[in-house]
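Q: Here is how the chains run, residue by residue.
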Amino acid sequence: MGLLSRKATCNTHGQDSSYFLGWQEYEKNPYNEVNNPNGIIQMGLAENQLCLDLLEPWLMKNPDALGLKRDGISIFKELALFQDYNGFPAFKRALVDFMGEIRGNKVSFDPNHVVLTAGATSANETLMFCLADQGDAFLLPTPYYPGFDRDLRWRTGVEIVPIHCTSSNGFKVTLPAIEQAYRQAQKRKLRVKGFLVTNPSNPLGTTMARDELDLLINFIEDKQIHLISDEIYSGTVFTSPSFVSVMEVLKDRNLDQTQVWERVHIVYSLSKDLGLPGFRVGAIYSNDPVVVSAATKMSSFGLVSSQTQYLLSAMLLDKKFTKEYMSENHKRLQKQQKDLVSGLEKAGIRCLNSNAGLFCWVDMRHLLKSNTFEAEMELWQKIVYHVKINISPGSSCHCIEPGWFRVCFANMSESTLKLAIQRLKSFVSSIGMKSQSHQELKSLRRKARNNWVFRLSLQSFYDREQDTTTKVSFSYRPHFMSLSNIAATLDAAA
Amino acid sequence: MLSSKASCNSHGQDSSYFLGWQLYENNPFHEVENPTGIIQMGLAENQLSFDLVESWLRKNPDVMELKKGGESVFRELALFQDYHGLPTFKNELVEYMAKIRGNKVKFDPNNLVLAAGATSANENLIFCLADPGEAILLPTPYYPGFDRDLTWRTGVEIVPVHCWSSNGFRITMFALEEAYERAQKLNLKVKGVLITNPSNPLGTTMTKEELDHLITFAMAKNIHVISDEDFSGTVFDSPGFISILEAAMDRNLENTDVWSRIHIVYSLSKDLGLPGFRVGMIYSNNKTVVGASTKMSSFGLVSSQTQYLLTNVLASKRFTSKYMKENQKRLKKRKEMLVSGLKKSGIECLKSNAGLFCWVDMRHLLSSNTLEAETKLWNQMVCDVGLNISPGSSFHCSEPGWFRVCFANMSRGTLQVAMRRIKDFVERSKSMGRIKMNYQQNMSSLGRKLLSNWVRKLSSPDPNEHER
Chain L
1 MGLLSRKATC NTHGQDSSYF LGWQEYEKNP YNEVNNPNGI IQMGLAENQL
51 CLDLLEPWLM KNPDALGLKR DGISIFKELA LFQDYNGFPA FKRALVDFMG
101 EIRGNKVSFD PNHVVLTAGA TSANETLMFC LADQGDAFLL PTPYYPGFDR
151 DLRWRTGVEI VPIHCTSSNG FKVTLPAIEQ AYRQAQKRKL RVKGFLVTNP
201 SNPLGTTMAR DELDLLINFI EDKQIHLISD EIYSGTVFTS PSFVSVMEVL
251 KDRNLDQTQV WERVHIVYSL SKDLGLPGFR VGAIYSNDPV VVSAATKMSS
301 FGLVSSQTQY LLSAMLLDKK FTKEYMSENH KRLQKQQKDL VSGLEKAGIR
351 CLNSNAGLFC WVDMRHLLKS NTFEAEMELW QKIVYHVKIN ISPGSSCHCI
401 EPGWFRVCFA NMSESTLKLA IQRLKSFVSS IGMKSQSHQE LKSLRRKARN
451 NWVFRLSLQS FYDREQDTTT KVSFSYRPHF MSLSNIAATL DAAA
Chain F
1 MLSSKASCNS HGQDSSYFLG WQLYENNPFH EVENPTGIIQ MGLAENQLSF
51 DLVESWLRKN PDVMELKKGG ESVFRELALF QDYHGLPTFK NELVEYMAKI
101 RGNKVKFDPN NLVLAAGATS ANENLIFCLA DPGEAILLPT PYYPGFDRDL
151 TWRTGVEIVP VHCWSSNGFR ITMFALEEAY ERAQKLNLKV KGVLITNPSN
201 PLGTTMTKEE LDHLITFAMA KNIHVISDED FSGTVFDSPG FISILEAAMD
251 RNLENTDVWS RIHIVYSLSK DLGLPGFRVG MIYSNNKTVV GASTKMSSFG
301 LVSSQTQYLL TNVLASKRFT SKYMKENQKR LKKRKEMLVS GLKKSGIECL
351 KSNAGLFCWV DMRHLLSSNT LEAETKLWNQ MVCDVGLNIS PGSSFHCSEP
401 GWFRVCFANM SRGTLQVAMR RIKDFVERSK SMGRIKMNYQ QNMSSLGRKL
451 LSNWVRKLSS PDPNEHER
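Chain order of the listed sequences is L and F. My numbering applies: residue 1 is where the first sequence begins, and numbers increase by one. My numbering applies: residue 1 is where the second sequence begins, and numbers increase by one.
Next up, chain L with everything else stripped away, as it sits in the complex:
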């Protein structure tokens, strides 16, 4: 008999995916401006490190927040004992106000409909447990955040059926794609319980258009299923078009007192806009009292530390501060994104036009040996091990077109970003690929491929090992993996 559970011994945690393997490589050889200037630059981590310097002075000016005091008097005992899964009332009030602000106050939220959870990871899993049984399915537009494979499926037994989106229309969700996915689920005899969309999108960095949201709402009305809108990046919208929450669309369509109103749920967290992933603050928002009630009880398995709830209630209650913070946050995100986009453009690499998020969706299709995922993997390996940048391959996000990569920009300084762009530029020119039209590229590619195969067989495995272990400074030169090593690594990553 299995000594452990199937869950403990299977791979559904998804951590054998390249998304996580890249991180591991980075951990072994992390870039540091001073101590390890030739290390791997982490561009696979969607964190916002651009505005932590704004939070620190606020903390200094408001010592009570960290000091767990109220008007100078210690409330340590009160907080130490506070384990009510209904959450700290002041915090929920502050949170819903903040969420309203992010949506331009076009929607207002009721604190009684909020369920606090230890991060959006916990929120998403909890919603699955509430809305679906083992063997049911949720439809997700691709490309999507790789963590969903674990968060939505691992312990819940729920299936994900992808709604395939393509570059032909900027990866927007279409009705035919939705219907295709729905039919696919039915073929697999899976009962579809709803959609989960990330808006703004991870990894695309785009906000959903109103007509996309309308499409989804129409569909869930018709099929009587749920819509979960993971709006974790809603506070990172830095340029137009502005963010339109699914709640806003429902209101505009006067659906707020109908059944469908109760089947739309929002997930949020303070990890992305406030840049506080370590504090584990997530939330579910639902207009269905049964969902709120069940999710509240389930939140027992992942409550937010009362110490943290108190700190953040004080911070979010300072409306002047949050306004200034959000404004500056958007400015800095926009600048950093622009720097990345223009830098990549100079290297002949285009990005999907984006207005939000902490990353760009980068088109490297023209750098692929062939229009296959094997080629994408090969390119990814090169970029991680030789260009020394960890980026996330589109296949790990379930993108159906090879060649797209998610590249994060908000977790590093301007100078590190410059360096990363420089490395990519050198890499691109070294493999002789310049920005040309697709037709020209084809014939050029055919020529280059023969060169490529020849050069690939040259380098030995041991040189690469040395590079990563000795950390000696040397001038950048192109490295190539032998074919056998590529095969071995692909096997391991499979």
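The set of hints was computed from the structure by calculation and includes no laboratory data. All values reported here derive from a predicted model rather than from experimental measurement. Do not rely on the hints blindly, as some may be mistaken.
[As the list claims (entries may be wrong)] Derived CB-CB ranges, DEER-like:
#1 F:Trp164 to L:Ile75: 30 to 38 Å
#2 L:Gln186 to F:Gln380: 56 to 64 Å
#3 L:Thr12 to F:Arg330: 46 to 54 Å
#4 L:Glu78 to F:Gly37: 13 to 21 Å
#5 F:Gly37 to L:Pro89: 43 to 51 Å
#6 F:Asn34 to L:Ile75: 39 to 47 Å
Ideal Cβ placement from N, Cα and C applies to all residues, glycine included.
Mind docking chain F on chain L? Use the hints.
A: Structure of chain F alone, referenced to chain L:
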């Protein structure tokens, strides 16, 4: 429309354990503002030693301010979401855990997995050890929250191991075997046995003999032992605390199979009195379990702000030694106050040496030896006497008439009020001739018949058992 989990009752919150809380919330006692309100004696919290922690924090302001040597570490902490946990925190935790065990066991921080409270740790562990439809054996009486924590989302079943007052509710080999057979008859594959040591609600530490039975049983059946040692820091009297790992080490089992099937759950909620901070953990010598539960801990990580605070508190060895000693002293004193107070009303408690509560024998106050009579008495206690205590049935106790009464979550003054109220109630009931003063009359032949009916009821697989 929703999942079956969302629409069922397995969260167990319709149980009287939780209903009592709700009644208390509607009318909470307050010495000044609501002196006739309900006194909360159903909450196993330790509120006796906060002043010690607060004074330490005042002397070490850097810690709350998220500073190290005067420099802010806010940024690092804000970004720290590594599910392996803050290494320094885990180092301190394992030292603290060893200290609690008189340093007779040593723990490896790499075998420690942090979770958002013991609630999260227990569920996480069950997800790792058992599949839906499989079973875990639990000695009764047990903490009502287990019905939710171990079964709700995991789909795992609990099969009770019946323990009786006749031997102080100790676990016997016979009871373990009986439960195992019952599980087999129900076609349930038993994956392990979960014990709480010290016991909630009994307040007793397990004897070496009991631990040996469990280990022998686990070896024979090739199953796991989960030892929830949440209350290990609340042992205030002899006999001392023996951890399951100590018992296994005494038998030289460190390099055997069973060693990797023994797992401990712990939290800082009970001894340090910090339930709001959500700091729990799993300790296992099984690398696969550590690997899987670490990944699963993503669903309930401990706030890095909190990890940092407590790393520093625990790092102060002088403080932790002082705290442990003083905390135990206060717990012992308060327990003695409850026990002697109850004795004056003719009510006996199970002899205990740990925990934040007593297991109180009110069988002689029952109008009959039945669950209905216990529920009636409980109603009276909450609504008439104004004490929220927890009825034994909510702990799945097989004998009616036992109640868990908490003592560590209130001031001396409040406890005195509670004792007075009970005395008045007992005297009132005596004068109304409603109770039998000699509780041994309970064991009349009628009583025995009712008891065996009860036992039969308990052993049938009633899916609605949780609702009780």
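Q: Go through the numbered hints given earlier and state which of them the structure violates, listing their numbers in rising order.
A: 1, 5, 6
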